[in-house]
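Student: Since each chain sits alone in its own frame, please combine them into the complex, following the hints.
Protein chains in written order, with this note's numbering: chain A, 1 to 425; chain B, 1 to 301.
If you're looking for bench data, these hints aren't it; they were derived computationally from the structure.
Don't take each hint at face value.
Okay, derived cross-link-like pairs now, BS3-like style, lysine-lysine, Cα gap no bigger than 30 angstroms in a straight line [unchecked claim]:
1) A:354 <-> B:175
2) A:343 <-> A:392
3) A:371 <-> A:354
4) B:55 <-> B:175
5) A:343 <-> A:354
6) A:336 <-> A:371
7) B:175 <-> B:113
8) A:358 <-> A:371
9) A:343 <-> B:175
10) B:127 <-> A:354
11) B:55 <-> A:262
12) B:113 <-> A:52
13) A:358 <-> B:175
14) A:204 <-> A:40
15) A:336 <-> B:175
16) A:279 <-> B:55
17) A:56 <-> B:113
18) A:285 <-> B:55
19) A:392 <-> B:175
Please read these numbers as outputs of a predicted model, since none were measured by experiment.
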Amino acid sequence: MDKDITTSAYLDMELLRFTTAGSVDDGKSTLIGRLLYDSKAIFQDQLDAIEKASIKKGEDYINLALLTDGLRAEREQGITIDVAYRYFNTPKRKFIIADTPGHIQYTRNMVTGASTANVALILVDARHGVIEQTIRHAYIASLLRIPHVIVCVNKMDLVEYSEEVFASIQKRFMDFSTHLDIQDVRFIPISALNGDNVVDRSVKMNWYEGPTLMYLLENIYISNDYNQLDARFPVQYVIRPQSNEYHDYRGYAGRMASGSFKVGDRVRVLPSGFTSVIKTIDLWKESLEQITAPQSAIITLEDDLDISRGCMIVNAENGIQQGQDIDLMICWLGEKPMIPGGKYVVKHTTSDLKCMIKEVKYKVDINTLEKDFENRAIGLNDIGCISIRTTKPLFFDSYRQNRFTGSLVIIDEATNVTVGAGMII
Amino acid sequence: MKHFTINHLRELESESIYVIREVAAQFENPVMLFSGGKDSIIMFHLARKAFFPAKVPFPLMHIDTGHNFPETIEFRDWLANESGAQMVVRNVQDSINSGRAVEETGFTASRNKLQTVTLLDAIEEMKYDCAMGGGRRDEEKARAKERFFSHRDEFGQWDPKNQRPELWNLFNGRKNIGEHFRVFPISNWTEMDVWQYILLENIDIPNLYFSHEREVFERDGILYAKTPFMQIKETEKVEKRIIRFRTIGDATCTGALDSIANSLEDIIREVAATRVTERGGRSDDKRSEAAMEDRKIEGYF
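Just chain B, with the same shape it has in the complex (with noise of 0.2 angstroms):
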């Protein structure tokens, strides 16, 4: 007998839609974290294909370091007028300004740790009990240990000894008062996958993805959008290069590459050709070898 079978897309879609429903059914008043980037834009594709013909039974929210690319934030509220969600921001200028979070200074300064405090207050402030994050565990090792759904507790934080074991599809989002979980709908997609996803579903996202000319800098030997929010060390050179961005983040912490793919297509035939990890233009989890572990920890995304 010659079965029925889904390819593996399809079957990581079905289960990301499953855990995204599970999350409106399990908690009173979930968030799903978005950040511009292509893993919380296909994570919100999902939520839409899950509840469609409603509406995504709870809000988005950005939490805006302040230091992002002009096409993220014209993108986020593009894409929040397009779909009819509500979009929550929060600013780490606000953390900043009332002294809850304390600016880096120097060449290296990134705002990038400091977003954790303004996530935590404003799940505090919102009484948010889940939040939904793009992470997925290809991306970096600390990650590769994360459940579906992650328990935190009364002060935000990841404990990596203590994880409840998640078992065939029952997924436990039982807690107590003050405590909250992060859930990652997207874990078992590989960045290929979400690319290919892309592609096939007509998803759309940014234009920082594709090839165009653009101010950079080199340091570290990763290459660097000149942008405000940088400073500039007299011996590195600013110049005009054809390059795209592999991961979008914070301007101050994400590496782009020179590159002519300015098409889907192109895009996932220089992914497949690269020897390079993604998160290896992120000088943020170069700190150092647990960066990663650390922030988690501490309440990360």
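Extracted from the complex, chain A is given alone in its bound form (with noise of 0.2 angstroms):
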């Protein structure tokens, strides 16, 4: 932790979340260990920890990946089991890494971390270069539209810290990466156990001109994140305070998924379609003049309406799509496969409903990303393009415009679990 850290640059700082994807021991404990530990937000308590248990395991060096080390479970296995959330910052930057493991049930953790970051971290191990997990890790990123992707090419102490091998990774990855739809890709070499172009410039690379990883986290450019242009506010709760004071009172609370609102704005409320004026915004004892995504607030109107959870507020103008047959990308996460013609609980910004699975069109294929027209069951952790039908109207837009609109999760109606991730085209 930075030790001048004063409170008015802390109020300056921004959140980045990032999502860590490896194989299995492609050094990515390792790495996330090094930001960490280089960036001081490991406390001395926790490293006297991990050299405790370096010497027990009889190793000859503090291993920095014991630092993400989490359940007894895991550590027995010498495994990690879920997606675990760690924290540092830098004077620029809060960050939020979400460590997906990289092995069984790769998909469904990795869909997890992935839903909200803004960066993906891929790791590839210098000595093997692009495999088939990378390439099903950009899918994913592609996939559910993370901004940014950066390939660390990690390892490169064992290849010699060799330009061509890390050039050639790079030819590779953008050669299958024309396939997906990455907006911003770029490639570190690294080594994360010396600490080669992590936080500090490599000596031993001096061909590497780009940035070090902790450059790029700290100055990417995520004020485009999110989507700016459609105001869409999913009323989460109503507010009828019921005192003398707020008599009247009537207001909407939520959070802003995407674009602003102004005190003054012309409104839609969906499914009504009734237009009105926004004429307050509050939060607590302020009233603001804007509400941007990914704020939360209370909004009340200039009319009377009947509002109530799940409907949505959004720009009069700017259309947003609504329909019961929806067609979307989807990712597996439940044990049970999926069963054609059977009916789930949705789960779209705040309402609940109903929808049958109508057909599955293709099976994505992740380690050759092809479709597959043929065998079209969806198990756990397969990726498919789907139609569904819901029992009432859904008001979206494609998950490519709007991560927050386009998004639904399938929940089994029996278990009550969360059994598929929804991205809608």
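Tutor: Structural data, given as structure tokens:
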């Protein structure tokens, strides 16, 4: 932690969420340990604990990977079970890492970590180059539309810091990623173990003129990551104080999913379609002039309309799609396979409704990225394109346009477990 | 085009408010756990912000070990009065008296673990279907894998291997009868975020957090306050020192630190310079490497 941290500087920091994906043994834990260690997010007692554990395991150096070791169940098996969240900050930004394991249930975990990330770090072992898992990780980053992808070519120390190795991995990645929809991709040659190009520039790779990983994380431009154009405010909760002072107050509490509203803006309320004007935007004891994604506040309107949870307030002239027949890409997270024709619960923004799986159009082979029209059975960790029909109309944007009004989850009615992550096409 | 951006603290605030409102909307009978510590104080502040000008639509509940500092209890009662919130109190002593919990004995005796019994009994008694807690993922490694919405079976237990995936900002609070949820609205906050927010929002906190003189003694490298709840060994020397508390919990497991920080600005400087984690002074976590994991599985906060 920075010793000169002042409150004014602290309040000026942006939040960046990133996810890390890699396969077993490509040094992901070491890289995260290195980021935490070099940004001084590690405390002495944590360091003492891993030093003790390293000695116990008979290792010669402090194993930074142990910093991200979680549950006893995991230590016993030497694996990571679930998404773990880590935090560190530099004077510029606060970082939230969604650290996802690379093996079993990789897709399920990576999709979970990717859903809110600004940046995906994909690790590639310099000795092995682009492998099937790399393709899978890149595909998921593209499917979930993580705005920025940073490919870290790790273990450069084991390939004699060779520029050729780095260049060929870069080329191979670019070749297959032309089939993907990644908006911004960067490559960095690193050695997480030795710290090359992680926080400090490597002296062993003078041929590399780009930024270090930390520099990139601190400076990558993320203000455009939210959709700024389409104002969408899903209503979470209706505020009726029932007190003398606020007798007639009727406010709509929610969090701006995208775009912004100002007091005086003309808005449309869905599903009724009625229009009104924003009277106030309130938060605690202040009145705001404006609300911008991802802020939470309470909106009041000039007109008395029938609005409840599940309604959405949008800008009057900006079209949002609506319908009951919806095509989406689905990532299946449930242990039980998806049942075509089956009925499920859908959660979309703040509304809950039911749906039926009408059709599986195709399944994606996530190793080759080919569409499979023959075998269309969707089971755990599968990705496919499906059509659903909902019991009531849904108000949505395509996921490509809006990560929050374009996403939904599918829930098994019998077990209440979240079994599918859907991205509306 | 220059875009409007919000700083990370306001983004965290918005996220927590969103989560708290989801709880109010998705559950029939939620409760917010209150310990008197800074994390539950800011969580409650966020709840007030989420619903103002309406009142917070759920009660607070304090599981009182009976081993709290008097200042904590005074603060709790003051806050309930000032905010108009309903404060439910359940006592570990009652669980001991009824034989549901057994008091630990010896020098390291603590009621920390017994709280779980009282908490689960209270949830059952009051038929709460969701209990919000001020746990943060940066506190401890078992908490790093916790969801915002954490499902508990009918025994109140947590199964780390079988958690629901949580995507975007879609929180699935559906459950069967008898099951409940634990929800952690400030999951993504760090200790520093909490302090900066207390300063930014001018939130009242108990005086225990500020530097003061107190009778203390040292045990296993941790500085404890002298209280009637702890047996002091003959070899342990009680002395008056200028200290403050970095976390506030049960007096038997909360460590103090030598400090002259008596303003929020001083505390922030001290937290920024410290090289020991917040829970480093908590003997409840030191019992074993997986102490928190074990307690969480059983239904601890």
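Student: Hints first: check each against the structure and report whether it holds.
Tutor: Each hint tested on the structure:
{"no.": "1", "hint": "A:354 <-> B:175", "result": "16 angstroms, holds"}
{"no.": "2", "hint": "A:343 <-> A:392", "result": "14 angstroms, holds"}
{"no.": "3", "hint": "A:371 <-> A:354", "result": "28 angstroms, holds"}
{"no.": "4", "hint": "B:55 <-> B:175", "result": "27 angstroms, holds"}
{"no.": "5", "hint": "A:343 <-> A:354", "result": "7 angstroms, holds"}
{"no.": "6", "hint": "A:336 <-> A:371", "result": "22 angstroms, holds"}
{"no.": "7", "hint": "B:175 <-> B:113", "result": "27 angstroms, holds"}
{"no.": "8", "hint": "A:358 <-> A:371", "result": "19 angstroms, holds"}
{"no.": "9", "hint": "A:343 <-> B:175", "result": "18 angstroms, holds"}
{"no.": "10", "hint": "B:127 <-> A:354", "result": "28 angstroms, holds"}
{"no.": "11", "hint": "B:55 <-> A:262", "result": "26 angstroms, holds"}
{"no.": "12", "hint": "B:113 <-> A:52", "result": "27 angstroms, holds"}
{"no.": "13", "hint": "A:358 <-> B:175", "result": "26 angstroms, holds"}
{"no.": "14", "hint": "A:204 <-> A:40", "result": "24 angstroms, holds"}
{"no.": "15", "hint": "A:336 <-> B:175", "result": "18 angstroms, holds"}
{"no.": "16", "hint": "A:279 <-> B:55", "result": "22 angstroms, holds"}
{"no.": "17", "hint": "A:56 <-> B:113", "result": "29 angstroms, holds"}
{"no.": "18", "hint": "A:285 <-> B:55", "result": "13 angstroms, holds"}
{"no.": "19", "hint": "A:392 <-> B:175", "result": "23 angstroms, holds"}
Checked against the numbered hints given earlier, this structure breaks none of them.
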